[in-house]
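Asks: Sequence lines, in order, name chains H and U.
So in the working numbering, spot 264 of the first sequence is number 264, and the numbers just go up one at a time.
So the mapping is simple: the working numbering equals the position in the second sequence, first residue as 1, plus 295.
Keep in mind that a hint or two might mislead.
As the list claims (entries may be wrong) - Just the calculated beta-carbon pair ranges, DEER-fashion:
no.	chain 1	residue 1	chain 2	residue 2	range
1	H	Leu-131	U	Lys-440	37 to 47 Å
2	U	Ser-397	H	Asp-35	44 to 54 Å
3	U	His-318	H	Val-124	25 to 35 Å
4	H	Lys-288	U	Thr-640	49 to 59 Å
Unchecked claim - Here's a subset of chain H near chain U, in silico, CB distances under 8 Å, partners left out:
no.	residue
5	Glu-194
6	Phe-199
7	Val-210
8	Pro-213
Simulated from the structure, these hints should not be mistaken for laboratory data.
Here a beta-carbon is modelled for each residue, glycine too, at the ideal position from N, C-alpha and C.
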Amino acid sequence: MEWLSKFPQMNDTSLTAFKKAVDEGFRGFTRAYGDAIEGFFSPLQYVLIRSEQFMTSTPWPIIVLLIAGIGWLASRSWKVALSCVAILMIIGYFGMWDDTMRTISMIFVCTVLSIVIGLPIGIVISRSDRLQNVVNPVLDVMQTMPTFVYLIPVVMLLGIGRVPGLIAVVIYALPPIIRLTNLGIRLVDKDVLEAADAFGSSHWQKLKNVQLPLALPTIMAGINQTIMMALAMVVIASMIGVQGLGQPVLKAIANQYFTLGIFNGLAIVGIAVIFDRVSQAYGRRLQKHREVVHG
Amino acid sequence: MAEHRGTEFGIEIRDLYKIFGGHGETCVGLVKQGMSKAELLRGHNSVLALKDINIKMPAGGIQVIMGLSGSGKSTLIRHINRLIEPTAGEVLVYGEDVVKMSPRALREFRRHQTAMVFQKFALLPHRTVLDNTVYGLELRGVPRKEQVAQAMRWIERVGLKGFEQRYPNQLSGGMQQRVGLARALANDAPILLMDEAFSALDPLIRVDMQSVLLDLQKEIKKTIVFITHDLDEALRLGDRIAILRDGEIIQQGTSQDIVLRPADDYIASFVKEVNRGRVIQIDAVMRPAGSEAPRTGLTIPAGTTLDLAARVLAEAKASELSVVDASGRLVGHASLDRIIAAIVTPGLDMSAAGLPEPKAVRAIA
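With the rest of the complex left out, here is chain H (with noise of 0.2 Å):
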C-alpha cells in the first residue's frame, strides 16, 4: 500500500532536470537580452534619480510648502494642509527626512508609472468580456503571487537597484488600478451612453465626454489602492537595494533594533495617511456634482 501513503510524484532526476532547465533557459535569456533590456528600462532610471535628487536637494521648507500646497489644491481644506505639514515635520525632526524623501519620490514614480500603464489597459478591457477574461487572472495572479517571488527574476534580469524595484512595485500595484478603471466604465449608466450615442458621439468622444467622467469616482479609488499598495511594498523593494524608510526596516529587522524599526514604521503610515487624505478628499471634490441638494 506504498502508492496511498506517498503521493505519486515526479521522479527526483527529471524533477530536478526539469528545473535545472527553466532555470538555465532563464539565466540564457537573461544573458543575452539582459543588456537591452536594462536599456529600455534606462529611461525610468533616470526619472527615479532625478525625481530623488529633487526631494532631496532642494530645501526642506519649500518641499513642505509644497507638499501642503499639493494638499490644499486637491482637498481646499486647510486641515489637511495642515495635517501633511503636521506630519512632514514630526518625521523630519526624529531624522528621517532624507529616508522620507527618497520614499515618497519612489511611491510618485511608481504611482505615475501605474496609472499610465494602468488605465489604457483598464479602458481596453472595459471594452470587451473576452479580453476581461484573459487579463483578469493575470492580475489575481500579480496580486496573490508572494512579492519575494517576483523579486527573483527581476533581480537576475536587471540586478539590484532602483529600477527593479520600482518594477517589482509596480508589478504588485498596478492591479487595483486596472480593476476599478474597468469596473467604473462598466458601471456607467446605460441611460448616458445610449444618449451619448443619440447625439453622434464618437468613441473617443463618448470615452472623455462619458465613460471617463462618470467612472472617475472609482478609478479615484483604485489610484488610491494603487497607492497604499506601493507603499506596502517599501519594506520588500528595500531587500533589492531600494533606497528610503524601507532600508532603516530591514536594519532594525535584522539587529532587532525596537525603536528604529518603530520610527521608521511609523513614517511609512505618516506617508500613507497624506498621499490616502489628500487623495481621497481630491477624489470626493470630482464627485461635488452628485450631491442631491433638491430633494
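Using the hints, position chain U against chain H.
Replies: Positioned in the frame of chain H, the structure of chain U alone reads:
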C-alpha cells in the same frame, strides 16, 4: 429646415421587422409565413419585437406612437436613429435609408438630423445645465461662443434662465426634463425623437410640459416622434397617432379617428377612459350646412372641441350654434343635445345608477 428636399413625409418606415435573439433572417421568413410571437419564442427562443411596421410621418407634425409597456414602442423609435438595428425593413428619413448608412454617415446623421429626449432624462451628471445643453453642438464642432449663445436661447425658452450653472442633481424631475428638451432643441435638428419624455413626471408637471412642447412646436415646426403609454397625452399632442400592440400597429389616424372609430375592442377599451369632450371636435357632430337652416347668431370655428362648444352654448343659454371654417364660411350646425350625446361615454350602464335605459340618446360613433 422642416421642408427638407420637399418630401411630403419626414419619416417613412417600410416593412420593418425586429427580432431579438439571433437567426433574424430565418425568423422574419417564418413570421411572414404566419408564425405567431408565442410560437417563435417557444420554437426558436427569439422575441418578435416589431412586426410589419409601416408608418408615414408627415414632416413638421407630431406623430405619436402609443402602446403599453412591452408593445415595442421604445424599440420602434430607436430604429429611426438606428440605436437599434432592424432585422428587416427600411427607415427612410427625408428619402434616405438610415439602415444603409455607414457608421460614419450614421454619426453625421445623428449629429445633424435628429435629436432625442429620454424618459430618464439621461443628462450628464458632471456637467452643468449649460454644458449639458451645448452637448450636441459640441459634438458637431460648433465654436464654443456660438454653442453658448444657442444654448442660452433655449434654456431661456424652456424656462430655466438663472439655472445655467446648476447641476442636474440640484433640479427637480420636471426641470431636468426641460434641460433634456433644451439639449435636444439646441441641436436644431429637423427631427425630434421623444421617448416617453414626460412619463416620469408628476401629472401636473406632465401637462405643463405638454403645453411647453405644443407651444414650441408652433414656432419650430419640427418632425416630432413622440412615444407614450398615455392615451390622453397621445390625443393631446398627436397630429397623427399610431397604436402599437405586441409589436404590431393596430390603428393609425388622427385623434378623431381613434376616439370616434376605434379599430378594435382593445382600443375601444382605452378610448372609454378618455375625456371625450376635450378630444372630439365639433366637426364630428355637426350637421353639414345645407340650405335648410340659416346661420344662427352663435358661431364657432371648425375644429373646436365639444367641451368648448358646450361652454359657449351654456354661457349664451342657447341650444344651437353654427360652425364656420377658417375663411368664415358656414360649414354646419350643431345642437346642444347632440354635443352632450357625443361627450357621454358610449356603453354606459344606466341601470347601475337606477336609471331607465334611454331611447333618445344615440351614440355618435
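Asks: Decide, hint by hint, whether the structure agrees.
Replies: Hints, one by one, checked against the model:
Remark: the range hint 37 to 47 Å for Leu-131(H) to Lys-440(U) is upheld by a beta-carbon distance near 42 Å. For Ser-397(U) and Asp-35(H), the Cβ-Cβ distance of about 50 Å falls inside the hinted range of 44 to 54 Å, so the restraint holds. Between His-318(U) and Val-124(H) the Cβ separation comes to about 31 Å, which falls inside the hinted range of 25 to 35 Å. Between Lys-288(H) and Thr-640(U) the Cβ separation comes to about 53 Å, which falls inside the hinted range of 49 to 59 Å.
Hint status for Glu-194(H): holds, given a least beta-carbon distance of 6 Å to chain U, under 8 Å. Taking 8 Å as the C-beta contact cut-off toward chain U, the hint placing Phe-199(H) at the interface holds, the least distance being around 5 Å. The beta carbon of Val-210(H) is positioned within 8 Å of a beta carbon in chain U (closest approach about 7 Å), and the interface hint is therefore held. At a threshold of 8 Å, the smallest CB-CB gap from Pro-213(H) to chain U is about 5 Å, leaving the interface hint in force.
Of the numbered hints given earlier, the model fails none.
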